[in-house]
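First to last, the sequence lines map onto chains A and B. Mapping the first sequence onto numbering that gives the first Met the number 0, position 167 (from 1) lands on 166, and the numbers just tick up by one. Mapping the second sequence onto numbering that gives the first Met the number 0, position 10 (from 1) lands on 9, and the numbers just tick up by one.
It is worth saying that the hints were derived from the structure and are not from the lab. Errors might be hidden in some of the hints.
What the hints assert, rightly or not - The calculated DSSO-like cross-link candidates involving lysine-lysine, where the alpha carbons are at most 30 Å apart (straight line), are:
no. : chain 1 : residue 1 : chain 2 : residue 2
1   : B       : K227      : A       : K14
2   : B       : K311      : B       : K227
3   : B       : K2        : A       : K320
4   : A       : K214      : A       : K320
5   : B       : K230      : A       : K14
6   : A       : K320      : A       : K217
7   : B       : K230      : B       : K311
8   : B       : K2        : A       : K214
9   : B       : K311      : A       : K14
Note that the structure is predicted; figures quoted are calculated from it, not measured.
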Amino acid sequence: MSSATPPTGTGALAKREARLAWALLSPTVISVSLVVILPLLAIFWISFKPFTLSDLRPPAPVVRESLRGSGDDLRIEYRVRNSSQDIAVTGVTLTDVLPDGVTAGEVLAPCVLDGQDLFCDFGTLEGGYRERVRIPVTLEGDPDTFEDLIEGSEPSITGSGPSVLTNFEFSLENFARVFDGDEFWGVLWVTLFYTVFGTIGALVMGLFAALLLNKSFKGQGIIRGLYLFPYVAPVIAVAFTWVTLFDPFSGSANALLVQMGLSSEPINFFGERPLALIMVTVFEIWRYFPLSFLFILARMQSIDSSMYEAADMDGASPFQKFWLLSIPQLLGILSVLFLLRFIWTFNKFDDIFLLTGGNAGTRTLTVNVYEQAFAISNIGAGAAVAVVILMCLIAFSFVFFRFISREEGL
Amino acid sequence: MRKGYLTGPALGALWLVVIATTVAITMSFSTGAAFRPQVLLCLLWGAVAGLIYVRYPERHAMARLGLTTMLGLSALTRFGPVLIGSETSLQALLVTVFAMAVVTHLSLTAILRDTPFGELTRHEFEDAVIRFCTGFGCIFFTAIVVIPFYVMVMTSLKSQQALLQNPLDFSVDLSQGSALFRSYTELFRDFNFGTYLWTSFYVSVLTVFITLAFSVPGAYAVARFRFKGQKAFSRSILLIYMVPMIVLALPIYIAFSLTGLRNSILGIVMIYPVTTIPVALYMLQGYFRGLPTEVEEAGLMDGLSRLAVIWKITLPLSLPALASVSLYVFMIAWNEFLLAFMLLDDPSKFTLTRGVTMLNSSEIPRQHLMAGAVIATVPIMALFLGLERFMTKGLTAGSVKG
Numbered sequence: 000m001s002s003a004t005p006p007t008g009t010g011a012l013a014k015r016e017a018r019l020a021w022a023l024l025s026p027t028v029i030s031v032s033l034v035v036i037l038p039l040l041a042i043f044w045i046s047f048k049p050f051t052l053s054d055l056r057p058p059a060p061v062v063r064e065s066l067r068g069s070g071d072d073l074r075i076e077y078r079v080r081n082s083s084q085d086i087a088v089t090g091v092t093l094t095d096v097l098p099d100g101v102t103a104g105e106v107l108a109p110c111v112l113d114g115q116d117l118f119c120d121f122g123t124l125e126g127g128y129r130e131r132v133r134i135p136v137t138l139e140g141d142p143d144t145f146e147d148l149i150e151g152s153e154p155s156i157t158g159s160g161p162s163v164l165t166n167f168e169f170s171l172e173n174f175a176r177v178f179d180g181d182e183f184w185g186v187l188w189v190t191l192f193y194t195v196f197g198t199i200g201a202l203v204m205g206l207f208a209a210l211l212l213n214k215s216f217k218g219q220g221i222i223r224g225l226y227l228f229p230y231v232a233p234v235i236a237v238a239f240t241w242v243t244l245f246d247p248f249s250g251s252a253n254a255l256l257v258q259m260g261l262s263s264e265p266i267n268f269f270g271e272r273p274l275a276l277i278m279v280t281v282f283e284i285w286r287y288f289p290l291s292f293l294f295i296l297a298r299m300q301s302i303d304s305s306m307y308e309a310a311d312m313d314g315a316s317p318f319q320k321f322w323l324l325s326i327p328q329l330l331g332i333l334s335v336l337f338l339l340r341f342i343w344t345f346n347k348f349d350d351i352f353l354l355t356g357g358n359a360g361t362r363t364l365t366v367n368v369y370e371q372a373f374a375i376s377n378i379g380a381g382a383a384v385a386v387v388i389l390m391c392l393i394a395f396s397f398v399f400f401r402f403i404s405r406e407e408g409l
Numbered sequence: 000m001r002k003g004y005l006t007g008p009a010l011g012a013l014w015l016v017v018i019a020t021t022v023a024i025t026m027s028f029s030t031g032a033a034f035r036p037q038v039l040l041c042l043l044w045g046a047v048a049g050l051i052y053v054r055y056p057e058r059h060a061m062a063r064l065g066l067t068t069m070l071g072l073s074a075l076t077r078f079g080p081v082l083i084g085s086e087t088s089l090q091a092l093l094v095t096v097f098a099m100a101v102v103t104h105l106s107l108t109a110i111l112r113d114t115p116f117g118e119l120t121r122h123e124f125e126d127a128v129i130r131f132c133t134g135f136g137c138i139f140f141t142a143i144v145v146i147p148f149y150v151m152v153m154t155s156l157k158s159q160q161a162l163l164q165n166p167l168d169f170s171v172d173l174s175q176g177s178a179l180f181r182s183y184t185e186l187f188r189d190f191n192f193g194t195y196l197w198t199s200f201y202v203s204v205l206t207v208f209i210t211l212a213f214s215v216p217g218a219y220a221v222a223r224f225r226f227k228g229q230k231a232f233s234r235s236i237l238l239i240y241m242v243p244m245i246v247l248a249l250p251i252y253i254a255f256s257l258t259g260l261r262n263s264i265l266g267i268v269m270i271y272p273v274t275t276i277p278v279a280l281y282m283l284q285g286y287f288r289g290l291p292t293e294v295e296e297a298g299l300m301d302g303l304s305r306l307a308v309i310w311k312i313t314l315p316l317s318l319p320a321l322a323s324v325s326l327y328v329f330m331i332a333w334n335e336f337l338l339a340f341m342l343l344d345d346p347s348k349f350t351l352t353r354g355v356t357m358l359n360s361s362e363i364p365r366q367h368l369m370a371g372a373v374i375a376t377v378p379i380m381a382l383f384l385g386l387e388r389f390m391t392k393g394l395t396a397g398s399v400k401g
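Based on the provided sequences and hints, a complete structural model is requested.
Below, the structure is given as C-alpha cells:
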C-alpha cells in the first residue's frame, strides 16, 4: 500500500497564476526599469567620469562641399574638419556621388574615384585639424545649376571620436571635488536644517489644523478644501506668489511690515543669510501641512468615540483627553508621516530652486545636483552629488522598512 | 491662574491683539491705507474687556456693549487698539470701527462663555483656553492660506505702476471694465498661453490613460496573485518613489539629448507616466485588496478568463478608486515642473508650468507672471473643488508621493 503524501513543489495552477502575474506586471517592470533602474545605474557610471555638458556632443568630423572657381578652372572642394579642438577623431572616411554631367580631372590621394563614386580615407584627424580636398572638374552645361546640384547633395562622412561616456577610464575626481572644501558640509547642514524643521513644522501645523476641524460644523467640507489649497496648487504658481509677496521693492509683506512699524526698511526675505533658509523652510511647512493635516484628521475621525465617553465619565479634562488618549492613538500615523515627509523633504528640489535658486545659503543637496551639473556644467560632479543623495536614501529606507512593517497602517 | 478674574483678562488681552492685527491686515490689504495694531494698548484694552466679560455675564449686556462701543470708537483716536492713518476714507474708518466693536464683542462672548468670575474648575479653564486656541487657529490658518492666493489674483489685475506705488493697495477699479484683464489677454495673445494650456491638458490626460493602462494590470497582479517575489515587488514600488526626481532627471536629460527626444512632447509623454505608475500601482493595489474575492471567483467559475474578470467585474467595482487615482495623476502631471523645465526649450512646445517659468524674468512685468500663475492654478482648483471627495481620497491614498 502506498502512503499518501502531500504534493510538494508548486502545482500547475500556481505556476500558471505566477506566469499570468508576471505577464500583467511586465509592462510596468519594463518601463520602470528603463526609466528608473537604468538611470540610477547610469548615475553611478557617470559619477566616476569627468563628464561635462559639452561632452554631450562627442567630437565628430564635419564636412562642407562647394563648387569653386569659374570658367575652365572649376573644382569641387570638400572641407573636412574635426569639431573638437583637442580630441582626435578616428576612422574618418568620406563618400559622395558626383552628379551626372560632371567629369572629374585628376583625383589625388587619399581619394579614389570609381566611375562617379568618390571615396576618401582620411584615417585619423587630430584635434583642430582641417583637410581640404580639391577635385578639378569639367561641367557639361550651366555651372549655376550644377552648383545647386553639387551643393544640394550631402556627402556622407563616417568617423567617431572617443566618447567619455563609453570608455573604461574611471576617476574619483568628481567625488574629490564634491567633498572638497567646506562647501559640502555647508550644503549638508542646510539640507538637514531644511529637512528636520520642514518635516516637524509641517507635522505640528497639520496636527493643529486637524484638531481645529475635528468636530462637525457647517461648512467643514469647504474649510477642509480650502486648507488643502497650498498642496494642490502648482508649485510654480505658489512659489512665484511667495517671491512676489516678499519682494523687497514691490512686495506687500514688506510694505505691511514697514507700515506696522515692525521694520524700518524693507527686508530681502529670500536674499539674506540666514533668513532665506528660514523662509524656504517656512514655505515648505506652508505647502505641506495640508498633507499631514489630511492624514491626521482621517486617523482622528476613526478613533473610537466610546473611549472618549469613558474618559468623560471618569472626569478627564479636555487637555488630559488630548494628551492621554488622542496623542497615543495618533503616534503611529505621526511617526509614519514623519518618516515619509522626512524622505520627501530631503528629496525636494522644485521649491527651493524656484524660490531662491539655491542662493543665499539655501543650497540643499538636490539643488547642488542641478548647480553642479548645469550651472557649472560639470555633469560628472552633479552625478557624484546624486550618488551621495542615493546613499543617504538607502540608509533612510532601511529605517523606513524596519518601521513600516510594524506600522502597516498606511 | 485658574481664577476667572485672571483667566478672563489674560485671554481677553491676547485675543484683542489677534483681532486688532487681523482687522489691521485685512483693512490694509483691501484699501491700501495705513492701519497699525498697537500691541500695548491692545493688551490693556483687552484685559479690561476680558475682566468685564467675566464679571458681567450675558444678562448684563449693557456693560459689555458699552465697552465694545468705546473700544471701537477709540480706534478713531490715538489710543485705540488700531492706529489708523490720516488719509483713510470715511468708509474704511466706519468699517474698521464697526468691525472692531462687533467682532470683539461676538468673539469674546464666545470665548469667555461659561467662565465664572471666581474660582474655575479645570474643565472651565481648559475649555476657555481651547476656545481661544480654536479662534486663533481658524484666523491663522485661513489667513496663511487665503493671503497668498488673494495676492496672486489681485496682483494679476494691477498695473506695474500701481504696484510699485503702493504694494498694499489691492483695491480693484471695476470701472476699467475688460481692461482689468489685460494681463490675461496679453498672455493669450502674445505669449501663446492658449497653446500651453492645451498642451498641458492633453499631456496630462495622456499621462492618466497610459498610467492606468500600465498600473491596473500590475496592481491586480500584486493584489490577487501569489507568486515568488511578490513581497519584494511591493516593497520596491515604495522604494522607487523615494528616488528624487532630480537624480533621475540628470541621466534622462543625457539620454534624451543623445537620442533627440529632448524638446519633444513625445519625450514628455513617455517620461511622465513612468513617474506616476508606481504611485498609481500602490494606490490601486490597496483598493483591489479590499474588494471581495468571492465576486471574482464566481465570475471565474462561470467561465470568464482572468482578464475578462478584471475587465467586467473588478474595474466596474473600483470606479471610485479609478476616479481618485486619475485625478491624482492628472494633478501630478499638470503641476509637474522639473522635467518640463529641463527637457523643453522650444517655446512652441511648452507645457503650462514651463510657460509660466518663462515669465519669471526681469523684462516681463510681475502681473504677467501672476496672471500666468492664476491660469495654471484655476483649472486644477476647479477640478479639485468640483470633485473634492475623490481628490481628497486620492491625496490620502497617494500620500507617499510628495
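Hints, one by one, checked against the model:
1. K227/B / K14/A: At roughly 10 Å apart (the allowed maximum being 30 Å), K14/A and K227/B satisfy the hint.
2. K311/B / K227/B: Distance of about 27 Å is within 30 Å: holds.
3. K2/B / K320/A: Holds, at roughly 22 Å.
4. K214/A / K320/A: Since the Cα atoms of K214/A and K320/A sit roughly 15 Å apart, the hinted pair holds (cutoff 30 Å).
5. K230/B / K14/A: holds, 17 Å
6. K320/A / K217/A: Answer holds: K320/A to K217/A is near 24 Å, not above 30 Å.
7. K230/B / K311/B: Within the cut-off at roughly 27 Å; holds.
8. K2/B / K214/A: At roughly 28 Å apart (the allowed maximum being 30 Å), K214/A and K2/B satisfy the hint.
9. K311/B / K14/A: holds, 24 Å
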